[in-house]
Amino acid sequence: MVTLRYFARLREALDIATEHIALPASVDSAEQLVAWLRQRGETWQREFAPGKNFRIAVNQQMAEANTRVKDGDEVALFPPVTGG
Amino acid sequence: MRSHCFRRLPEVELPVRVQTEDFDTGEEIARLRAGNPKIGAIAAFIGLVRDVNEGDAVRELTLEHYPEMTGKALSAILDEAKQRWEVIDATIVHRIGSLKPTDQIVLVIVASSHRGDAFAACEFLMDFLKTHAPFWKKEQTGQGARWVEARESDDSAAMRWNKTPPA
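As you go down the protein sequences, you meet chains A and B in turn. As numbered in my numbering, residues 1 to 84 make up the first sequence, in order. As numbered in my numbering, residues 1 to 167 make up the second sequence, in order.
If we strip away everything but chain A, and leave its shape as in the complex, we get (with noise of 0.2 Å):
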C-alpha cells in the first residue's frame, strides 16, 4: 500500500486528504504515479496537468520527477509552499 496526501489549495480541489492505494502495476516513480492520478478525470487531469505547479515529496522529503516510489511510501502532493 501506498499513502497518498494532499494539502491546501490541491486538497481543496480533489476534495480528499488522504487515501491508501494499492500500488498500481505501472508506477515506480512520482511522476508516473502522478500520470497515474491524471486517469482519475477531469480534476485530477486538470489539477496535474503537465506544465501545473505542483510540488511531490516523499516520505516527507521533496521529490523530482523521478524519485523512487514503492510500497509502503507517504507520498504527498501540494502546491508551492507559501510559509514565512
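Just so you know, the hints here were simulated from the structure itself, not pulled from any lab data. Using N, Cα and C, we set each Cβ at its ideal position, and we do this for glycine too. Take these hints with a grain of salt, some might be off.
Here are the computed lysine-lysine pairs in the DSS-like style, where the Cα-Cα straight-line distance is at most 25 Å [what the hints assert, rightly or not]:
| # | chain 1 | residue 1 | chain 2 | residue 2 |
| --- | --- | --- | --- | --- |
| 1 | B | K138 | B | K72 |
| 2 | B | K72 | A | K70 |
| 3 | B | K72 | B | K82 |
| 4 | A | K52 | B | K138 |
Far from chain A, some chain B residues (derived; all Cβ distances over 12 Å) [claimed, not checked]:
| # | residue |
| --- | --- |
| 5 | D24 |
| 6 | I88 |
| 7 | D89 |
Computed Cβ-Cβ distance ranges for the label pairs, DEER-style [as the list claims (entries may be wrong)]:
| # | chain 1 | residue 1 | chain 2 | residue 2 | range |
| --- | --- | --- | --- | --- | --- |
| 8 | B | I39 | A | M1 | 41 to 51 Å |
| 9 | A | H20 | B | G71 | 33 to 43 Å |
| 10 | B | T62 | A | F54 | 38 to 48 Å |
| 11 | A | D28 | B | P37 | 26 to 36 Å |
| 12 | B | S113 | A | D15 | 21 to 31 Å |
| 13 | A | Q32 | B | L14 | 47 to 57 Å |
| 14 | B | R115 | A | G41 | 20 to 30 Å |
| 15 | B | P67 | A | E12 | 36 to 46 Å |
| 16 | B | G40 | A | A25 | 54 to 64 Å |
| 17 | A | I16 | B | S113 | 41 to 51 Å |
| 18 | B | P101 | A | E12 | 16 to 26 Å |
| 19 | A | I21 | B | V52 | 22 to 32 Å |
Here the structure of chain A is known, so what remains is to put chain B in place on it, guided by the hints.
Using the frame of chain A, we list chain B on its own:
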C-alpha cells in the same frame, strides 16, 4: 542568610517549533543566548501578517502545514545553514492556524560569534523556509477566501544562495 533557592530548570525547547500560540522574541533570544559567552552576535527576523495582498484587504490568514514533514524540513534547512556558516545556535518558530493582520507568523534567530555569519544565516534560513518548508497560507479578503500563490521572487531569493557560496 542567603536563601537557597532551586533554580527552575530551563524548559527544554526544540530549536524548531510549530505552534498556534504567539511567541515572545525577547524571551526566545534570552533563552538562546543564556550563559553562552561565545555568542557575539544575534540576528533575528520576524514575519508579520499584512493587511493587504495583491491589492486586496486581508482580514484573516489561515496557515496549514504538513505536520510529519515540517519538522524534518526545518531541521534540514537549519543543518544546511550550520554547514555554511558559523552558527552557534538558532531558533525557528512558525505559527499555524488563524492569524490576523499585525500578528506574528514566523521567527528566526541565529546566534554566532560575529554579525556577518548571523545576518547571512538568518536570511538564508528565511529564504529556504519560504521555498522548502511545507506551510500554506489561505487568506480571507472582501472577495472571499483564496490560497496565496507562491512567488517567483521567493524562488529566486532561495536560488541565489546556490550561486553565492559564503566566503
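Outcome of the hint check:
{"no.": "1", "hint": "B:K138 / B:K72", "result": "holds (23 Å)"}
{"no.": "2", "hint": "B:K72 / A:K70", "result": "holds (21 Å)"}
{"no.": "3", "hint": "B:K72 / B:K82", "result": "holds (15 Å)"}
{"no.": "4", "hint": "A:K52 / B:K138", "result": "holds (19 Å)"}
{"no.": "5", "hint": "D24", "result": "holds (19 Å)"}
{"no.": "6", "hint": "I88", "result": "holds (23 Å)"}
{"no.": "7", "hint": "D89", "result": "holds (21 Å)"}
{"no.": "8", "hint": "B:I39 / A:M1: 41 to 51 Å", "result": "holds (48 Å)"}
{"no.": "9", "hint": "A:H20 / B:G71: 33 to 43 Å", "result": "violated (23 Å)"}
{"no.": "10", "hint": "B:T62 / A:F54: 38 to 48 Å", "result": "violated (20 Å)"}
{"no.": "11", "hint": "A:D28 / B:P37: 26 to 36 Å", "result": "violated (54 Å)"}
{"no.": "12", "hint": "B:S113 / A:D15: 21 to 31 Å", "result": "violated (52 Å)"}
{"no.": "13", "hint": "A:Q32 / B:L14: 47 to 57 Å", "result": "violated (37 Å)"}
{"no.": "14", "hint": "B:R115 / A:G41: 20 to 30 Å", "result": "violated (55 Å)"}
{"no.": "15", "hint": "B:P67 / A:E12: 36 to 46 Å", "result": "violated (18 Å)"}
{"no.": "16", "hint": "B:G40 / A:A25: 54 to 64 Å", "result": "holds (59 Å)"}
{"no.": "17", "hint": "A:I16 / B:S113: 41 to 51 Å", "result": "holds (50 Å)"}
{"no.": "18", "hint": "B:P101 / A:E12: 16 to 26 Å", "result": "holds (23 Å)"}
{"no.": "19", "hint": "A:I21 / B:V52: 22 to 32 Å", "result": "violated (42 Å)"}
Figure legend: structure checked against the earlier numbered hints; hints not met, in rising order: 9, 10, 11, 12, 13, 14, 15, 19.
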